[in-house]
Amino acid sequence: MADALTQLGFASWLSVLIASIIKVTLILVGGSVGMMFLTWYERRAISYMQDRRGPNRVGPQGLLQPISEAIKTMTKEDATPREADRIVHFLAPVVMLGATVLSFAVIPWGRMFPVDLNAAVLFVIATGGLHSIGMMMAGWGSNNKFALLGGMRGVAQLISYEIPQVMAIIPVVLMTGSMSLQKIVEAQNDFGGLGWFVFSPVGLLGFALFFTASLAEGERTPFDIPEADSEIIAGYMTEYSGMKFAVFYLSNYMSNLAVCFITATLYLGGGNGPGVDALGGFAGGLLSLIYFLLKSFALFFIMVLIRATVPRLRVDQLMGFAWKFLLPLVLVNILSASFWVALLRWDQQWPQLTEWFGAPSTADATNWGRLAIAVVLTLLINAGAVALIMRLTNRNVQKHLYTTDEELALGLS
Amino acid sequence: MTLSHLATEDVFVVERNDADFRAGQGMTKGLGIVFRKFRKALFGKPNSDRADTEGQFNVQYPEERLVLPEAYRNMPILLYDDATGHELCTSCFQCERICPPQVIHITQAKDPATGKPVPAAANFVLEYDTCMSCGYCAEVCPFDAIKMDHDFELSTGNHPELDVNYDRLLRPISYYEAIAPTMWSDVKEQAMKKLQNNIKRRPGAIGRDHGQKVKGGAAVAVAATPVAGAAPAAAAKPRGPVAAIGKNMPEEKVAKLISIRAANAAKRGGGDAGAAPVAEAAPIVETVVDTPAASAAPSGPVAAIGQNMSEDKRAKLEAIRAAKRAQRGE
Amino acid sequence: MLKTEELQINIGPQHPSTHGVFRMLVTVDGETLVDLKPVFGYLHRNHEQLGEVNTYLQNMPFTDRLDYFNSMVNNHAYARAVETLAGVEVPERAQYIRVIMDELSRILNHATAMGFMLGDMGAWQTALLWGMREREKILDMFEYVSGARMMCNYCRFGGVVRDIDDWFITELKKLMQGLPHYFDDFEGLLLNSEILLARARNIGVLPKELALAYSVTGPVLRGSGVAYDIRKAEPYAVYDRFKFKVPVGTVGDVYDRFLVRIAEMRESYKILEQAIEQLPDATGGFINPKVKQQSLKAPAGEAYARVESPKGELGFYLVSDGSGSAYRYKVRAPSFINLSSLADMCKGYSIADVVVILGSIDIVMGEVDR
Amino acid sequence: MALLARGELRSILQTEMPNALDTRWDTQATDQPEAHGEGQTILLDFDAVVKAEALVEVAHFIRDKFGYTLLSNITAVDYLKQGLIEVVYQFYNAAEGGPDLRVRVRIGRSPEECIVPSLTPTWPGADLQEREAYDMYGVVFPGHPNLARIYMWDEFKGFPMRKDFPKTGDKYTHVTGE
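So the sequence lines, in the order shown, correspond to chains R, Z, F and E.
Note that this note's numbering gives residue 177 to position 177 of the first sequence, counting from 1, and the numbers run on in steps of one.
Note that this note's numbering gives residue 187 to position 187 of the second sequence, counting from 1, and the numbers run on in steps of one.
Note that this note's numbering gives residue 318 to position 318 of the third sequence, counting from 1, and the numbers run on in steps of one.
Note that this note's numbering gives residue 110 to position 110 of the fourth sequence, counting from 1, and the numbers run on in steps of one.
Hints are computed from structural coordinates only; laboratory data are not their basis.
Among the hints, erroneous ones may be present.
Unchecked claim - Part of the chain F face toward chain Z, derived, beta carbon under 7 Å:
| no. | residue |
| --- | --- |
| 1 | R133 |
| 2 | D185 |
| 3 | E187 |
| 4 | K245 |
| 5 | V248 |
| 6 | T283 |
| 7 | Q294 |
| 8 | S295 |
Each residue gets a CB set at the ideal place from its N, CA and C atoms; glycine is no exception.
Let the sequences and hints guide you as you build the complete structure.
Following this line, the structure appears as structure tokens:
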């Protein structure tokens, strides 16, 4: 993009500037249109699940509903509580939206990359944690008891889900050997575009853990605790109205969108699919974009499905769940990832290993024997760990429960 | 402790199965059911009859409407006979007595000649904003004059309009027969019989007549205007209701009556302060809601001049008025 | 030691999940609740003063406004109280019709009450909307027979306003075909869902003795293990002719009350089936003709009649001085008395649980504030 | 654990706790109740009419001896003509089921006499009903944890449900509020 502009006679620094400006606007437009589509998509999907019809009045099939909502929130009065800490109250949505939009910088839309960082995964994790600062600022700034509780819950939730989420990415990085999202996408391209990590046992467990933890990052049910509107009205957003509330809402849904994009990229081979390489060039890029969006919206559909079914966890239950259930599984997953890499990929990543053990017999590109061993081994480790931890949590829950069998018998006197 | 009067097998303890091994199967079952519902609602046929528990069940209100059952009751309405144009209501005050929030205010009509009460209502105000449509008035009415309507789209911005007066309460029997056929057919012959002997007891076909209730006929239109004209005068009169001008009353009688009325109104123009609440409510409503014929009526007790009143009559009226004003030295 | 301070929060009177204008003054240490003081009176309309001013019949539509979810049950209770006071006997068919209406009202009440509680718990109203769909079907039938969906004003002294005809019976049978599918969907959706168990088990525990001391009645009492149901303890109308069970909990927590209500819906379904079969034909008359409704005069004396409303024991205590209107008119509202146990149940739990416990008691403010 | 018929409790109390019964109305024996007619309220005394101070004792007696553990309803009734307020307690036997057992307490209407000991220490369910009786009828319940008005705002003067409370024109309904 930048060099194309320099040929047009712009100075080199100017063309880089213009190119980045065009990319930034593309991302912002793509993100907010995606957000608008998500709100409509969620309300339609959840209404069909509840045997009713979602928005279908504004525009064809209600597609203009998000725009009417945007206009509505813009025209609503933007009130700030008298006792509120004005600056913090005003900056909270800005921080939250900023953090969310940052993570779009490295997300690959199909084959097209806005920016190809070689530490893209690190960048994504860093921005993921930022928006909780905005939450705390909103909670503290609006001088409202419910908002304070919401802000505190938001921070508690960040601490508990961040570690499992980050550790769930490590197996992906191990398997590809690089932190750049581009290389991660390419690594999932064999088997005719279907070699996604999610089909390997390590990837499957990693996908499940990462998706659960990212439910907490996007504050989706069952983890929408900071903004639990049946208990603490609207959580940290209680004292916000008008445009500021719209910005919160925008950042909320954009972080959901970002999370779906990242999960699709890391585990579902964002943009890879049958026929993408065959087409190649622009048409292949377009097809990869379609695949990518399909995968993301399928993930979002699962989020909506969970939202329609499952009640909300309490804050202490969330922390217990994250620390005592997700974390051990994530560690086990890293262990089994190391076995996977040891069996299948040591020659590509660590050349000095080949000196010690000699190159693995490269009879054919993919050595089916070693692949089978790797799959069975990692499957055993992961499944065993899951079963063990399930048993432990069950016994732990029943021990604290009011009535075990003996007490039940007693109770029936 | 099991109740001794309860046989032991009558009581069963709900099983909590706390000891079950839970590994997410409950949640996945729930997700499966919601997904099935989603599929049925998206692709299946809409939920039509009562046995169906799947598919979209809501009705797009303004376009699609549910059929209201016959017994549906919203706000009360009064009936008048299509043929003769007479109202069924004989102001027997039963409904006023039974009404729990006391929203019905009836004033009995009087025979203009003799001044004796007549089995007809001069004015019937019903406060639609306080009425809770309990249906008692329709139940106790011995003459089936008041029935419950099916029209629920009554929202309005103008609050006084909710003190609905006689003209706006009246509906033809055919209207009620359309919305509640079987309920009307049960009481039809009894109601009609009572109406006939009520009409006999109403001298000179006295009864509030409204242009819109008798089919066509310009004569009526003319009669209507004095009626409208007379109504405010009647209502404004504090002492008692004055009988409205009859439907088929001869021309000159109408004119004579107007002149008498104008004279009375002028005479007691001053002493009008303590008007009865009903009277107070009525004129405001009258002028606002009056039939279009008399919309040009000036406010205050002076008889309104209808726009399709014949020229000479209007001139004569003006002359009388001018004389009166001169006499009072305004 | 870090000095901590207790926070006083007003949950209500305007709050998303207080089921009406009800206020709880909650003192909270961090997230756990230290003290809860309920505040009433926001919806007080002095219903009992109205009862003394109105005649007996004029008061019937006001009883619709008590527990506006079950106006049929309120009418039935008030009609029974005046009938015992004035010594009016009710024909068989009318009693069967009243039982059918009560049981339909119980199903729609439990369906929506549990939906609201799950909404408070965070499940985004899926269960509530499935419950609302069943409720709409039942309300349409109430509308067909009484004239209004929620404010039915259907009972009269000695019977009911209008008889049920074949259309009603066929529609009722069709509804009965659909209900079991709804029950299974509702149970499958959340009954064993791990997160509901985490949020409902061992929360808001009310032991058996305390439940009796708090004189709670209805599903709250049965959830705590006391098998006391007025339809069995003091059978009224024709309830002694039906075979049905009384579900009882063991621990007395939110989960038990949830299970008891679901089981009660199935029992109501059984009662409805038997009631449709045994329904006497129309020759028996649906109202006692000898009673002059609007000018009914009860002999001097007092009477108390109670009905098992979906929320508990709904009773009307009437004292008559021989005139046309009651000398003293008292409503024993189940939600009002069940609320006295709320403060005790909520101590030690977090705010998120307070809202769920309130939902599990299932109150309606029209009945609490009268 | 036996079910008691309506009049049975009176006879049992006469034998077991004679001083608990309030004998002011014994003259009207049960068979010929006070002449009733238009505007007359008769004072049924089939049930046990108990002295105010003996109420808690009788309540415990009923609960322990006969198993009437469920105190379901507390009603205050203002008999203006007879110049007294009657508080009716209805107990139910949670094990046996069956009809209720009524205990009545009749007290004067003036602030000094209008006092009934509170049952809330043993039946916390009576807490809100006693507060309602206090708010509407002015019956004071010593021993109640926080006897405050339940429906009216605290500064409200007067007891709205009493028969002599002016239905119109009292100082609250006047717009001018002189």
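The hints, checked one at a time:
no., hint, result
1, R133, "5 Å, holds"
2, D185, "6 Å, holds"
3, E187, "10 Å, violated"
4, K245, "5 Å, holds"
5, V248, "5 Å, holds"
6, T283, "18 Å, violated"
7, Q294, "5 Å, holds"
8, S295, "10 Å, violated"
In summary, the structure is inconsistent with hints 3, 6, 8 from the numbered list given earlier, while agreeing with the others.
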